Every structure is written in structure tokens, then in C-alpha cells.
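> Please take these sequences and the hints and turn them into a complete structure.
The numbering used here puts the first residue of the sequence shown at -4, with every later residue one more than the last.
In case anyone wonders, no lab produced these hints; they're calculated from the structure. Among the clues, some could well be false.
[What the hints assert, rightly or not] Simulated crosslink set (EDC-like; lysine to aspartate or glutamate; CA at most 20 angstroms straight-line):
| # | residue 1 | residue 2 |
| --- | --- | --- |
| 1 | LYS580 | ASP513 |
| 2 | LYS138 | GLU189 |
| 3 | LYS516 | ASP409 |
| 4 | LYS626 | GLU645 |
| 5 | LYS35 | ASP82 |
| 6 | LYS181 | ASP202 |
| 7 | LYS650 | ASP82 |
[As the list claims (entries may be wrong)] Restraint ranges, calculated between C-beta atoms of paired labels, are given here:
| # | residue 1 | residue 2 | range |
| --- | --- | --- | --- |
| 8 | GLU432 | ASP631 | 29 to 39 angstroms |
| 9 | THR549 | LYS653 | 19 to 29 angstroms |
| 10 | SER201 | ALA134 | 44 to 54 angstroms |
Please read all numbers here as calculations on a predicted model, not as lab measurements. Quick reminder that beta carbons are idealized off the backbone N, C-alpha and C, glycines included.
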Amino acid sequence: MKATIENTSDGLEIIDPIERIRQRLLTPKKVEPVPSRGRKIPYPVDTTRQIITNSLTVLTKESIYVHNDEGVLIAEVNPNQSLSLPDDRYVLDISSGMKVYFAVDSSMDIDFGSEDSEISFGSATEVVIGARSFHTNPAGTIKTTTDPSDLMKAVSLFSSALKTTSVERSYATLRGHPPIIELGNKLNIPDQFERPETGITIEIPSDVRHVLVVAPLAYYLGAKVVPGAEPLLRTPTGYSFRLGNGDEFESTVERVLRQVFFLDCIVRTEGEGPGPLYERQVVEPHLEFDIEETYNESLASRTEIYLKEPFETVMSYLPTWPVTTKLEENEKNVKFLPHLVEELSVIYTTQDDTFSNKSASHVLHEETRATAHQRWNTVRSSTVMGRSPLSAFRHSLDRSPRSGPIKIEVVCNDPKMNSEFVSVHSKYEERDRFPLEVTLHHNLTKDEFGDILAKNSDFLHYIGHIDREGFRCSNGKIDASKIDTVGATAFFLNACQSYRQGRQLIELGSQAGIVTLDDVKNREAVEVGSIVAQLLSHGFPMYATMDITRTVRTGGQQYQIIGAGKTTVSQPESGSPLLGIIKRKLGKRTIDCHTYITELSTLGGIHRPRIEPVDAYHLFPGNAGETPVTKRQLVDFLESGDFPVLLDSELRWSKEIKTTEL
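Laid out in C-alpha cells, this is it:
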């Protein structure tokens, strides 16, 4: 379902009913949006509407980009800035969780405060509003046998989802979701799937392992995968690059993917877009090639240029690669590939101790169904483990559109745990811009709890007891495996040994959850539950929520993600969730900002921290780097939004920190 534009009593609301994203626009008086008749939005949009108004107030903290009628970026307006423009034709780009455009023929005064932006026109003006959801679905399905040669042909068609072969495909909006893979007794590739003619081929030995590992690289390069005696990447000029043998193959493929992707992010700064980019500033002096000249080269030529650069040149500047996945070397696991490739996960098949969780091996070793073992990486040396069955990825594609508020169901089935119940309720606070509808439930029976599980909701927070027989209710236990369907998109089962029941919820309809692998102490459960509730309600994805929780609470080590780790419950204040890191020592202060990816703000995006000395964008996810600041600059940073902060390693929230503490 596409984004919609609806009128409200004080303006308009643009809604993405799949990703559950909202953008509010205020007008001086009520307006009635009608289909646009004249002016067109010169960018892809799902829907357009036209209104007449003399001003708009946009409730956003994201930058506003102003383009002229030819699409050239002429101005960027940030919080606490103003801009006046003469009468002309303009297109404004306002993107926060979805693409929103305004097309106007008028003069403009843009006054961007700390919370919103007021756009005033010279008089009553026709404003054409366009919106596009970032949600993508596969264009169809490829059926293949398990024969390696057929698998190579199927994987070669993943790049049919690329919307360009330029460097701009390093933006996720220009990389579509690869076609779904199903297994059968005959290769069947629909005519609609055509690989871009890049001229790049990747030769690999004819076995499943090499197909699994090379899939993300082949997708990003638009490469044709063919059988070969040893792993090689070839370009049309005759250039070849060895991808290594044995265990070296997997690490080399990872290195090539990261290097090519990163240098695309650097070279794309020559095109249209905001700037400057910090990573270009620091790496350009060390590069042997000219960035401006490389921008217009073909994909194959750029790849050749990039791979002639020593990896050591760029290694220390690479953004944190958010997720690495281990797959068993099994033909059936090719069905995971479209979903892993879509998020550009690095894929390994060899055993790696970093994928094991020895403290809970007795639980995880009971797994018999196919599972992707995922490791979510952060630059703060924290690693969050997760396991995702194929059903989690499939459910994330099959979500039903809902236009109402975010619905959260909180269930407490043990009176002894009321302290967590009270704490959690206060954390799922109502947010004016992003409404949450929280429903509380006490001491439910089996039937009542079964109804809650089946009910369509965005999030289920369960507080109580779980064992091998299921969820403990007031009149017995209910086993999730005996339930027909689950309507909660995501969940948190804050109970002892909740992994098995969480796995069942994923199979029956959910796409992600947080579970426990062993027993947890009640005090630790209360602390973790409170932190998780507050982070999720502020738009942090599952993996980031676990990363922060495990950093500040030792009890967080007992929790693990199951399902799609990028899943969010609510939308963040700005495009990407932000963790502030403040250090004070000997009267000096520094700020660092760590950004996380979500389903909508993904690898290759850019972010500029709201810190006065910082004037460049940074790639995310990752850290912006420690920046010395004055007390006034630190106060301004904390007042720029409501976000979590590690204040000398203690978890706080920006709006709660007093000036006297700084």
C-alpha cells in the first residue's frame, strides 16, 4: 500500500501505513487536499495532492533541501537557521522515514526552529505535495533447483533489483529487494528479471558454499556468477582480482564488498547531494585515483580502480558494517539470500566462535529448523547476537497496512512483577508527533492471552513466567505452538527461558522479538524491561536496543534477538536513532554520536550530528568521533532532541540532564 495524504483539523498528515511512519504539516487554516492538476514532482512518488495556503509548518528536525526546477540543489536549511528565496520554481525535499516533496512557484521564507520549520510564501500559493514510502517488496519469485549452476543463474539475477549502476546505488533507496528464491525441480526465471549489463563476472567453484558467500557482492556489482576453477572477479578489460581460496575466500569477499561500497559513498559526493562528507575529507589525501574523474566511469571501470587501492588505505575509515550472517552450507539456505542481500549482510559459512553463545548452548543446540545466525556489530566493541528463521523475513514483507496509532499490548501475568509493569507503562509514553496506544492487561486466562497474541498489534510486552510448557496464565499454561496465528509485529518476552516460545511466535506471524536464553533475576528483569521499553518507544531498532541495554546492565547479557534485528516499534525523532556519548574529565568535555540503522535508515545513509563544531556529514551507522565542546555547546546539543546519552558511561536521557551536571 502506498503513502497517503490526509487532512486534519489543523493541516495535513502524510502516512506510510506499512512502515508506520507519519509526517505532520500544519496550516493557518483547514485545507482540503485535491489531486494535483498542473505542477509535477520531478522525482518518484507514490501519491500527490495539491493545497492552497500561504504557509506550512513542518514538524521535523531533519534538514530541508531546496532544489531548483532543474533538480540542482541550491540550499540546505538546518535547525536554528533561516533562508529567504526570491520568486521562482522550487522543489523542497523533506525526508524523515519517507520521502516528502513540496513543489511551489513562489518566493519563500524558511524559518527553522529547534522543533519545527515554518515555510512562508509571498501569498496564497498552490503547493503540490508528493510522498513515497521507503518500503520495498521483491518484484517476483525465481524457482531454482539445488544444482550449483542453477543457483548461480538465480543469484546473478538479484541485481535486476538495482535501480541504477551509478555510485548512487550506495543509497538504499536505489537498491531494490532481490527476487524471492523458491526451490523446485526445474529452473524457472520469469522474463521480467534482467541483470544490468555491467560486464563484471565472478567465477566460483560449483558448490553451495561459494554461492551463499558471494551473493551480496554479486548483487551490488551487478555481476554474472559463473563456474570457475578458483574464485575470481573479472572486468571487461581483462582485469582480474583473486577472491582467495579456502577460509580466505569468505574474508576476501567481505573486504571487496566493504571497500567497493565505501569508495562508492566517497565518489558519489561529486554528484547531487548534501555535503561535505567527513569520510571524503580524511581518506581523499591517501587515494591514488581522482574522485571527480572516477564519478563518470562505468561500474566495471570504477570497480577496477577501487580494487587497485590497497585495502589498508581505506580500512580504518570504513563505516561499521552492521550485520554479519552465518549460514549452514545447505542448499535450502539459499532461500535466505534475497533477504540477507537486501540488507547487504556479509555472509559466512565457516564456524566462527563469535557466532556462538556458550552460556545458552543447551537451548540453541535444540534448534532443528533452518536459521540464519546473525551478529550485529557496533563500533563500541559490543556484539549483539541474533537468530532469524526464514519466516521472520517473509513476515516483514507481508505486513498489512494500518493507519491508526502504534498499538502496544502490555501483559503482566504475575502480581509479584507489578514493579516492572508500572515502570514499563511510564516508559511507553505518549509522544505528540507519534501517537502510541498502550493497553494494559493483568493476570490473563489462557483464552484471554491467546486472544491478545492473535490480535493485530505493533508490539507485545509480556511480563511473567515461561517454561517448556508455555506462558503461565491464571488458569494454566498456553503453548505458542498450539496457537493458530500471531498478530503482534514484534514482542519482548521478559521471562525466564523465553527463547522457545519466542521462536514459535516468529513462526506464527511476528517478525522480531527479544527473548531470554536462561533464568533472569527479577531485579535485573525490571531494569532491563524499563530500558527496553523506553528505547523501543523512541524508535530504536531491536539490535540497537540490545546493544545499549547490554552496555549499561550486566543482566542484558541474558537477552537475545530473534528475527529481524532492524525492526522498530515506533519512529525516531530524526531519520536515524542516535546515542550521545559524553565524557567529562579535568574540566574538559567531549561529545560523540553513535548512529544505528533501521529498516528505513540503512547502510550508506548520511547523518550530521547537531553539534556546533561539526560541519560535515558522516556515513552511518557508526561514530562521528569525539569532539571537544564548551558547556554552552553541550547544552545546545542536549536540547536538540529527546535521545539516550551515555554520560560518563551512565545511561541518561538528554532532556533529564541538568545544566549543573555538565
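> For the pair supplied as a hint, LYS650 and ASP82, confirm whether the alpha-carbon distance does not exceed 20 angstroms.
The given pair, whose Cα atoms are some 40 angstroms apart, is violated under the 20 angstroms limit.
> Does the alpha-carbon distance linking LYS181 and ASP202 stay inside the 20 angstroms limit?
Roughly 18 angstroms between the alpha carbons, so the hint for LYS181 and ASP202 holds.
> Would you check the hint for LYS626 and GLU645, treating anything up to 20 angstroms between C-alpha atoms as holding?
holds (19 angstroms)
> Is it true that the C-beta distance of SER201 to ALA134 lies inside 44 to 54 angstroms, as the hint says?
violated (27 angstroms)
> Check the following: the C-beta atoms of THR549 and LYS653 are separated by a distance inside 19 to 29 angstroms.
holds (27 angstroms)
> Confirm or reject the claim that GLU432 and ASP631 have a C-beta distance inside 29 to 39 angstroms.
holds (34 angstroms)
> Keeping to a limit of 20 angstroms between CA atoms, is the pair of LYS580 and ASP513 held or broken?
Outside the cut-off at roughly 39 angstroms; violated.
> What's the verdict on LYS516 and ASP409, does the C-alpha distance respect the 20 angstroms limit or exceed it?
Distance ~14 angstroms between LYS516 and ASP409 Cα, so the pair holds.
> Could you grab the alpha-carbon distance between LYS35 and ASP82 and see if it respects the 20 angstroms cut-off?
Status holds; Cα separation ~18 angstroms.
> Within 20 angstroms, alpha carbon to alpha carbon, are LYS138 and GLU189?
holds (15 angstroms)
Consistency with the previously given hints fails for numbers 1, 7 and 10, ordered from lowest to highest.
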